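Undergrad: If you want the building blocks of each chain, they are given just below.
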Amino acid sequence: MAELQLREAIRAAMVEEMQRDENIFLMGEEVAEYNGAYKVSEGMLDMFGPKRVIDTPIAENGFVGLGIGAAMNGLRPIIEFMTFNFSMVAMDQIINNVAKIRYMSGGQFKFPIVLRGPNGAAGQLAATHNTSFESIFSTIPGLKIVSISNPDDAKGLLKSAIRDDDPVLFMESEKMYGMKGEVSDDPDYLIPIGKARVAREGKDVTIIGHNKSYWVAMKAAEMLVSEGFDPEVIDPRTIRPLDLETIIASVKKTNRCVIVDESNPYASVASEIGFLIQREAFDYLDAPVLRVNAKDTPAPYAKNLIEFYMPSAEDTYKACRQVLYAN
Amino acid sequence: MAIPVEMPKMSDTMEEGVLVAWMAEEGESVSAGDVIAQVETDKATMDLEVYDDGVLLKRVIGEGDAVPIGGLIAILGKAGEDVSAIMAKYVGGDGKAVSIASGASAPAEPAPSPVLAEAPAPIASGDGASASVQSEPVAVGRLKASPLAKRIAREHSIDLQTVRGSGPEGRIVRRDVEEVMAKAPEVVVQTPSVASPALAEGGSYESIRISQMRKTISKRLSQSKFTAPHFYLTVDVEMENVITFRKQLNELAQSQDLGKVSFNDFITKSCALALRQHPYVNASYLAEEGEIRLHNVVNVAIAVAVDEGLVTPVIRNADQKGLGQISAETKAYAASARDKSIQPADMEGSTFTTSNLGMFGIEEFTAIINPPNACILAIGAIRETPVVKDGEIVVGKRMKLSLSCDHRVVDGATGAQFLNTVKGYLEDPMNLLL
Numbered sequence: 632m633a634e635l636q637l638r639e640a641i642r643a644a645m646v647e648e649m650q651r652d653e654n655i656f657l658m659g660e661e662v663a664e665y666n667g668a669y670k671v672s673e674g675m676l677d678m679f680g681p682k683r684v685i686d687t688p689i690a691e692n693g694f695v696g697l698g699i700g701a702a703m704n705g706l707r708p709i710i711e712f713m714t715f716n717f718s719m720v721a722m723d724q725i726i727n728n729v730a731k732i733r734y735m736s737g738g739q740f741k742f743p744i745v746l747r748g749p750n751g752a753a754g755q756l757a758a759t760h761n762t763s764f765e766s767i768f769s770t771i772p773g774l775k776i777v778s779i780s781n782p783d784d785a786k787g788l789l790k791s792a793i794r795d796d797d798p799v800l801f802m803e804s805e806k807m808y809g810m811k812g813e814v815s816d817d818p819d820y821l822i823p824i825g826k827a828r829v830a831r832e833g834k835d836v837t838i839i840g841h842n843k844s845y846w847v848a849m850k851a852a853e854m855l856v857s858e859g860f861d862p863e864v865i866d867p868r869t870i871r872p873l874d875l876e877t878i879i880a881s882v883k884k885t886n887r888c889v890i891v892d893e894s895n896p897y898a899s900v901a902s903e904i905g906f907l908i909q910r911e912a913f914d915y916l917d918a919p920v921l922r923v924n925a926k927d928t929p930a931p932y933a934k935n936l937i938e939f940y941m942p943s944a945e946d947t948y949k950a951c952r953q954v955l956y957a958n
Numbered sequence: 008m009a010i011p012v013e014m015p016k017m018s019d020t021m022e023e024g025v026l027v028a029w030m031a032e033e034g035e036s037v038s039a040g041d042v043i044a045q046v047e048t049d050k051a052t053m054d055l056e057v058y059d060d061g062v063l064l065k066r067v068i069g070e071g072d073a074v075p076i077g078g079l080i081a082i083l084g085k086a087g088e089d090v091s092a093i094m095a096k097y098v099g100g101d102g103k104a105v106s107i108a109s110g111a112s113a114p115a116e117p118a119p120s121p122v123l124a125e126a127p128a129p130i131a132s133g134d135g136a137s138a139s140v141q142s143e144p145v146a147v148g149r150l151k152a153s154p155l156a157k158r159i160a161r162e163h164s165i166d167l168q169t170v171r172g173s174g175p176e177g178r179i180v181r182r183d184v185e186e187v188m189a190k191a192p193e194v195v196v197q198t199p200s201v202a203s204p205a206l207a208e209g210g211s212y213e214s215i216r217i218s219q220m221r222k223t224i225s226k227r228l229s230q231s232k233f234t235a236p237h238f239y240l241t242v243d244v245e246m247e248n249v250i251t252f253r254k255q256l257n258e259l260a261q262s263q264d265l266g267k268v269s270f271n272d273f274i275t276k277s278c279a280l281a282l283r284q285h286p287y288v289n290a291s292y293l294a295e296e297g298e299i300r301l302h303n304v305v306n307v308a309i310a311v312a313v314d315e316g317l318v319t320p321v322i323r324n325a326d327q328k329g330l331g332q333i334s335a336e337t338k339a340y341a342a343s344a345r346d347k348s349i350q351p352a353d354m355e356g357s358t359f360t361t362s363n364l365g366m367f368g369i370e371e372f373t374a375i376i377n378p379p380n381a382c383i384l385a386i387g388a389i390r391e392t393p394v395v396k397d398g399e400i401v402v403g404k405r406m407k408l409s410l411s412c413d414h415r416v417v418d419g420a421t422g423a424q425f426l427n428t429v430k431g432y433l434e435d436p437m438n439l440l441l
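Chains A and B, in that order, are what the protein sequence lines are. Heads up, the first sequence is in this note's numbering, so the first residue is 632 and it goes up one at a time. Heads up, the second sequence is in this note's numbering, so the first residue is 8 and it goes up one at a time.
None of these hints come from the bench; they were simulated from the model. One should not assume that every hint holds.
What the hints assert, rightly or not - Here are the simulated DSSO-like pairs of lysine-lysine, each with C-alpha atoms no more than 30 Å apart in a straight line:
| # | chain 1 | residue 1 | chain 2 | residue 2 |
| --- | --- | --- | --- | --- |
| 1 | A | K884 | B | K157 |
| 2 | A | K883 | B | K396 |
| 3 | A | K883 | B | K267 |
| 4 | B | K338 | A | K884 |
| 5 | B | K347 | A | K884 |
| 6 | B | K404 | A | K834 |
| 7 | B | K96 | A | K834 |
Stated by the list, open to error - Partial list, computed: chain B residues near chain A (C-beta under 8 Å):
| # | residue |
| --- | --- |
| 8 | G84 |
| 9 | G174 |
| 10 | V180 |
A quick note: this is a predicted structure, and the numbers were derived from the prediction, not measured. Even glycine gets a Cβ: it sits at the ideal position worked out from N, Cα and C.
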């Protein structure tokens, strides 16, 4: 084990895998000469040279397309988006090619491509740089979506994503790149995609949160513990395929659930999880499933407003008390 | 604003409650949750809690008084507040406090929630409307309970009507059901299945799946026995003439290679002709349609035992058919019932049913009405018995007929007249040919 920043854990996963398999390469804006916009790929150009760590023009639609061609021809590209806000430029490539080529070729093409980068809000970046895209992408069959909350998961899940023969969208966070944590140094440290983590066991209420929202959930849990409640916290880690089994087992135990999700609320990840819970655990629910999302507006710029806009531990705590009928 | 305290619905079968004892004095201050009285329902004696804070302004009824659900028990409010307006709303013609439904005089205030037809809880009108909703959350509108609370209640046979919901808008949640389970076992409504004696443990047995036929028998006959008030009439019929007549008839039939006519066929024919003369026996009580239907056709069903139960094929227009035809149809149906080729349509549309256990030596029995018939005739064995004839004891041949009647349609005299007509045909069977 070593204590690494989240960015270092991601780098370690890429470096280890690139050393293991020469077909893997990294491509994106500023990943090489500048050592990465967020210093995730720092030192990798020196290590692997310009053929395997490739700077691209500001042209997401183009370099995702290059990655698709490379993957179809046997390479295993890792494409970095400076943020997933810019992946919108490549939506046609992602939705119509990345997600569908394996299907449309009748399985003749394997599709080992990882599209990674920070997703979601990161402070005062204004409306166009503060969107969470996992719910938009997760509606498309053919994409696996991982969203990580800590350095150890980042490494174990990114290595699994790189070794996966299907396309994986790997979602990080600018806000968490500096977060430190113990990380496994096992060169084959693989966390399976599609497996949630029960971060805190409890019996009174299930709180579900991924990525930054996981930390919101944990903070709300602390507040509840101080009042004598015993919450359970689940980090789904993979948005699709979702580990429904773990979630349903938890809700059947606690009989109530609050989902924290920084997507905008309408048709969000929380919407889907909420639907699945009522379908699978209806007779076990003692209260409606509640969710805490970003507000249903574009993200504001002003500091006080963006703080109000984002799901907070306070809101989550209140929602938990509501489903606990603790009034 | 003064608040009426009404008789709550404390069990699903409760219609009224008796105030056993007052637990609070007039003029006493009470808080939400305080017990002000004890009420005896059809199931148990239970505490009457108030759901508002205030002063007990008036004890409207005395100890030992019975009040229907929704009837006024007490009035809460501020000290010195006038209660006459509330009293006036509840007082019925006989001077007793009664419940009143919300009508045209109700204020513009919207109903708190849609009231379902099957939950006809009285809602007080006027100023008391919203207060009564608070004081009686379990009786007004749709019963709200979380799916989990419903499941726990179902598993423990707890009637949710008796549980007070502590969630938003009176929603019953897990803790409410658990509270009832923990502290008030006497309000747990035991269903018959729970109350039934425990089966012997470890005993050896054979388990047989309940067949659809048994389920149908169970459903239809339970429905009949539990909804139709049955009464029974029995007559003893002299059978000498019909025995002689049948013998002659069957000699004729044999010489023409026709099938024999059975005693049962005579009874079928007799009933058919008698039904024509007694339309209320040939009838159906249709509660949902709000009518008693007097059938213009006479279709006599005959209960036929089969391996896994019984079926009731129907001889249609039996009053218009000869004994030979009735006999042939009955035999054909019995055969198809036993080889299971009988069709559902063969068993539909009866207006009357007979059931014969004479062949087993059963002297007499009572049968359960086959809905939607109004009556069923239970036929016993023909037996030799000493009878007094012209002052002498002689050996007679007698048969008992027992008619089960649905009292909603058929009264005693009607049933008796019908039975006498049947008896008349059998004792003088030549009339069957007229």
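Undergrad: Hints first: check each against the structure and report whether it holds.
TA: Okay, the hints, checked on the actual structure:
Restraint check: the Cα-Cα separation between K884 of chain A and K157 of chain B comes to about 16 Å, which is no more than 30 Å; the hinted pair holds. Restraint check for K883 of chain A and K396 of chain B: the C-alpha separation of about 81 Å exceeds 30 Å, so the hint is violated. A distance of roughly 69 Å separates the Cα atoms of K883 of chain A and K267 of chain B; the hinted pair therefore is violated under the 30 Å criterion. Restraint check: the Cα-Cα separation between K338 of chain B and K884 of chain A comes to about 62 Å, which exceeds 30 Å; the hinted pair is violated.
Proposed proximity of K347 of chain B and K884 of chain A is contradicted: the alpha carbons are some 50 Å apart, above 30 Å. Taking the CA atoms of K404 of chain B and K834 of chain A, the gap is near 79 Å; set against the 30 Å cutoff, the hint is violated. This hinted pair does not check out: K96 of chain B and K834 of chain A have alpha carbons roughly 50 Å apart, beyond 30 Å. At about 26 Å, the closest approach between the beta carbon of G84 of chain B and any beta carbon in chain A exceeds 8 Å, and the interface hint on this residue is violated.
With a least beta-carbon distance of about 5 Å to chain A, the hint placing G174 of chain B at the interface is held under the 8 Å criterion. This hint holds: V180 of chain B has a C-beta 5 Å from the nearest C-beta of chain A, less than the 8 Å allowed.
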